[in-house]
Every structure is written in C-alpha cells, then in structure tokens.
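Residues per chain, in single letters:
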Amino acid sequence: MIQLTPLEQEALWLSLQVAFWCVAVSLVPGVVVAWVLARLRFPGRTLLDGIVHLPLVLPPVVIGYLLLVVFGRQGLIGGPLYDWFGISIAFTWRGAVIASAVVAFPLLVRAIRLSLEAVDRGLESAARTLGARPWRVFLTITLPLMAPGILTGVILAFARSLGEFGATITFVSNIPGETRTLPLALYSVLQRPGGDEAAIRLAIISIVVAIAALAASELLARRLRRRLGSAP
Amino acid sequence: MLSWDVEKRFGDFALVAKGTVAAGGVHAVFGPSGSGKSTLLNLLAGLLKGERQSIRLGQRWLADSGRRLHLPPEARALGLIFQDGRLFPHLSVRRNLTYGARMRRLAPAATPFDEVAGLLGLAPLLERRPGDLSGGERQRVAIGRALLSGAAALLLDEPLASLDQPRRAEVLPYLDRLRATNDMPMVYVTHAVDEVLRLADTITVLDQGKAVAEGGVAEVLNAPATRRFVPGLAEETVIDAQVREIDRVNGLVRARAGAMALALMGSGLALGSTVRLRLAARDIAVATEPPRNTSVVNILPGVLTALERDTEGRVHLDLDLGLPVRAIITASSAARLALAPGQPIHAMIKAIAVDRVRA
Chain E
1 MIQLTPLEQE
11 ALWLSLQVAF
21 WCVAVSLVPG
31 VVVAWVLARL
41 RFPGRTLLDG
51 IVHLPLVLPP
61 VVIGYLLLVV
71 FGRQGLIGGP
81 LYDWFGISIA
91 FTWRGAVIAS
101 AVVAFPLLVR
111 AIRLSLEAVD
121 RGLESAARTL
131 GARPWRVFLT
141 ITLPLMAPGI
151 LTGVILAFAR
161 SLGEFGATIT
171 FVSNIPGETR
181 TLPLALYSVL
191 QRPGGDEAAI
201 RLAIISIVVA
211 IAALAASELL
221 ARRLRRRLGS
231 AP
Chain A
1 MLSWDVEKRF
11 GDFALVAKGT
21 VAAGGVHAVF
31 GPSGSGKSTL
41 LNLLAGLLKG
51 ERQSIRLGQR
61 WLADSGRRLH
71 LPPEARALGL
81 IFQDGRLFPH
91 LSVRRNLTYG
101 ARMRRLAPAA
111 TPFDEVAGLL
121 GLAPLLERRP
131 GDLSGGERQR
141 VAIGRALLSG
151 AAALLLDEPL
161 ASLDQPRRAE
171 VLPYLDRLRA
181 TNDMPMVYVT
191 HAVDEVLRLA
201 DTITVLDQGK
211 AVAEGGVAEV
221 LNAPATRRFV
231 PGLAEETVID
241 AQVREIDRVN
251 GLVRARAGAM
261 ALALMGSGLA
271 LGSTVRLRLA
281 ARDIAVATEP
291 PRNTSVVNIL
301 PGVLTALERD
311 TEGRVHLDLD
321 LGLPVRAIIT
331 ASSAARLALA
341 PGQPIHAMIK
351 AIAVDRVRA
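Here the protein sequences come in this chain order: E and A.
Letter by letter, the first sequence follows residues 1 to 232 in the working numbering.
Letter by letter, the second sequence follows residues 1 to 359 in the working numbering.
No lab work stands behind these hints, which were simulated from the structure alone.
Just so you know, not all the hints are guaranteed correct.
Stated by the list, open to error - Listed next, the stretches of chain E that the computed footprint assigns to chain A, with coverage defined by at least 3 CB atoms under 8 Å from CB atoms of chain A:
| id | stretch |
| --- | --- |
| 1 | 37-46 |
| 2 | 136-146 |
Stated by the list, open to error - Some chain A residues near chain E, calculated using beta-carbon distances under 10 Å:
| id | residue |
| --- | --- |
| 3 | G100 |
| 4 | A146 |
| 5 | L155 |
No residue lacks a Cβ here, since even glycine has one placed at the ideal position from N, Cα and C.
So here's chain E without its partners, still in its complex pose (with noise of 0.2 Å):
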C-alpha cells in the first residue's frame, strides 16, 4: 500500500468532497430541468435547452470568468449574499463546487432526460387509472423507472467534477486545502522544476479514483436491471 502525502490525501479528500458536493447540489434540478425539457411544451423550452447545454461547448474558463463576475464580492449574486450574510463564494471550497457543478450540469441532465424519454408513459397512465395521482405515479413508477439513467447521470457528474479544472482555478483560484483539487495540485506539482514524480503519483490517484467511481456505478447499474426486471 502506498502511502499517501499529507498534500496529495488533502487533494484527494477535497476533490471527493467537492464532487459529492457538486452531484448533491445539482440532482434535484437536473431532474426538475429534465422533467421539464422532456415532458413540458412551451415558449423558450429551447432557450433553456440551449442555456442547460452552453457549458458543455463553452471553454472553462470562460464559465469560470462568467462565475466571477455574477458570485465575486462585487458581483451580482455575490455582492449581496457577502453584504448581507457575509458568505463568500469565490476562492473557497463552495465556489469549486458550483464551477463544478456548472460545468457537470448538463452531463447530468443529459442522462437523466434519455431515461425519462425511454419511460413508457402507458405504464403511467396505468398507475393512473389504478388510482395514483400524478406526484405519486411519478414517485412510485417514472422515477424508479429513471434510476438506471439518474445513476449514470450521478456518475458523469461526479467524474466530470473530479476532472474539473478550468473553470475551478479561474474562480476560486488554486488555494491549497480550500480549492487545490487532484488536477489543481496535479498542475502545482508541474509548475515546480522536479516535481514529475509527485505529478505521477497524483495521476496514478486520479486514475485509480476513476476506475473505483465506473466500478462502483458498473456493480450499481447491474443491481439495478436486476431490480427493472430486464437481463443483466
């Protein structure tokens, strides 16, 4: 077994931190706005399509600009929730969970959309006339129905979250044990003349970090099947 640094388990532990965070945060809006491009006809939906989607083709830093200037201290959203609660966003561990999260949020609405769209709405009108009204018939029926495409969805985020770096050092900047992720530290250890082992020892975390989160999801998703009824 390897022994990890104090520096590298700090990455590690906030880079895991801040994924959970980020997957957590955006869940339940990424179904509200899957629900919503999915199932609801209306005026704009592909205004917010395109909006969900924008971070998926805009450059990261660009995004994590654009986070600056509504979340920063003079900022929009930022001024205000600092003047008056005196919470602060940018250059602290929050900040790379919404640049994250941000960035993630269309992977995961994505994959949660497909699996609501593959849903045969018959069985929902089933449940209904079985005397479900509709909040139930989506709890009881469409919602476990999704859970192959939530999982997959929860499992891009997380990976794109742990893979966050541009957007991150561009808001919160690169603040070891604040915001200093696995890649942030991974370029801190390059920036140093002779730090090509430790930048080794940090992609071999990173790497092993991947495979265990596609495992994890691979033994879920399978559970899962067996649980829908279909072959694994």
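Given chain E, work out where chain A should sit, using these hints.
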C-alpha cells in the same frame, strides 16, 4: 350501471358513441383497428377528454361537458385492462396487484386479494417479476390488478389481442369465469368474433368512429346488414335460448328461444339458465314434407322467406322457424325441391350439430 354519450375528434376522424352496460353485463365494442374502440375506452377511463362527453357510473357522474365536469382517471374507479398488460416492471406480481389498493388507501379487508388470486390462478406467480411471466400470465395479472384497485366497472381493451392462440385459449376461460362471477359492468373492446360470442351480452359495432349496429349480440350478429362489418363470422345463426327441460338419461337438453324449441346435447346446464348457441348454416337441411324415420331430433316446421344462389353453386336460404335461421344447400337440391319464397318447409337440425358457445 355504466352509461356514456361521447364525441371525440382527431383531425378528420370523429368518434361518436353512446351506450349503457348493466351491472353484471358485458358490452362488446367491436370493430376493425382505427374504428375508435380504444379511444372510447380512454374517454371512459378519463385518459382522454372528449369535445362532448357525459359519462355516468351508477349514480355518480364521471364526466359531463355541460357542467365542465371531468374527473381525472384516478378518481373514476374504472379498472382499465390494456392490450399490452402494462405491468410495472420494477414491482413484483404481488406489488403490482396491490398497487391500486395502496394508491387508493383501501383497507386490506376491502380488497378480495385471495379470492381474485384464486379466480385468476395467480398464487404461484406472486413473488415473480413481470419480466419472467408469459404473455398469458401477464394478462391475468393485469386483470387481477384492475380488479383489486377498487374498480366499480371494468374496461378491457383487446386483452387477448397480443397473445398467440394457445395463450388466448389459456386466458379466455378466466375471462369467462370473471364474467360469470362478478356483478360489475364490463366494456369489452375486441375485433375477434369468438370473444364476443363467448363473453358479451350486448354489442356496438363501430366503423370509422360511428356505430353501425348496436343491440343484443345474437340480434346484431344475425342481422344481414351488419354482417359485412363482422369478418370471421361464418354462415351461421346465433341464438340465445333458455333451458326448459333436461333429459339426463340421454344427455339431451331442450331449450327455447322465442317461438322456436330446440334440442341439443348438453351437460352441466341448469334449468332456466340461458345458453348461447350457434347453428352452422351448412348443418341445416330442409324438406318439403315432414320427414319420417330419421335420426334428426329437431324437425322444425317453418317458412322459406328468401333464397339466393351464389356464384359457387350454393343456395342461401332464409328460414322463419319462429326465429330467423340461415341455411345453405346445394343448387341442385334447391332445384329438385323446386324451392320458392313463401313455401312451407321442415328444417332438420341434428341435436349434435347445435354448438354451445356459452353456458
């Protein structure tokens, strides 16, 4: 009692339907695909909203466009059984069956779980998942699920249409038992004549959204004007008769329909019960004088009302034997007997050739 008077438009297509089913009765809605049968059930169930609709279940209004009343499906208590079953794949058979009771918060005592599971033979399937069931088993579970949801009437949307012949033969007896044992109104949508004959009391024949015939099953299926809308119906006469006499020694039953008395082979029939019979037209012979020394049990005097020769050399006879009955004989026999409309005849129907389609 379930009654409806509805109208629904999709572009050029318009469904206009009106009907009533009594408690314990089965009303068939018959027609080719695209005739609006499923649309009617979706309107009744509340999954679709008609331009004009008034639907009543017993004393309760489910929809009335005059008062802008449109109860949502969950408030209607109508059990809808779909052609494709639509079982919830993530729930066990047991959880599928109890889904409606959970959603409607019915007390366990209010839902006859064991009775329904017994009626439909579901006990061995309870812990399985829908994905592991055969098509026939799936439909039985779907029927049970609707029955246990607190439904006050059943709507069946071609419940056997997606099954192959052996599976149909497996599920049909369950439907027959369901019909015989429950006292709910049932609306049965189908395009299969044998299901109509076996299950239905009354029928509406739909063609392109319009009712082209409605009434009792025998009356509608025998009417020459509606026969062209009923493919698969052989040259035959359908008769609903009442059992009047049972001869247990010889296994013979005497039944009566209108002014016509008929003997048939039959066991397991109760005195006074109604049986549905089919008389194949080619099994009926005619004589111009009372035949003697024949094995034929039913020799019914009557009048030949009309005859028509088809292109294949057969002659189709319309007989009045107290009830209108159809017969087919060869053109050579018709010529030999010099048959003409208005002529008195004796129809000969073997007791063994009388087909019982429904006890």
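Hint check results:
1. Given as covered by chain A, the stretch 37-46 of chain E fails the check, having 0 residues with a CB less than 8 Å from a CB of that chain where 3 are the minimum.
2. Residues of the stretch 136-146 of chain E lying with their CB closer than 8 Å to a CB of chain A number 5, which satisfies the three-residue condition for coverage.
3. Taken as an interface hint, A:G100 checks out: its beta carbon lies about 4 Å from the nearest beta carbon of chain E, inside 10 Å.
4. A distance limit of 10 Å between C-beta atoms decides the matter here; for A:A146 the minimum to chain E is near 7 Å, and the interface restraint holds.
5. For A:L155, the interface hint holds, the least distance from its beta-carbon to any beta-carbon of chain E being 8 Å, beneath 10 Å.
Checked against the numbered hints above, the structure breaks only hint 1 and satisfies the rest.
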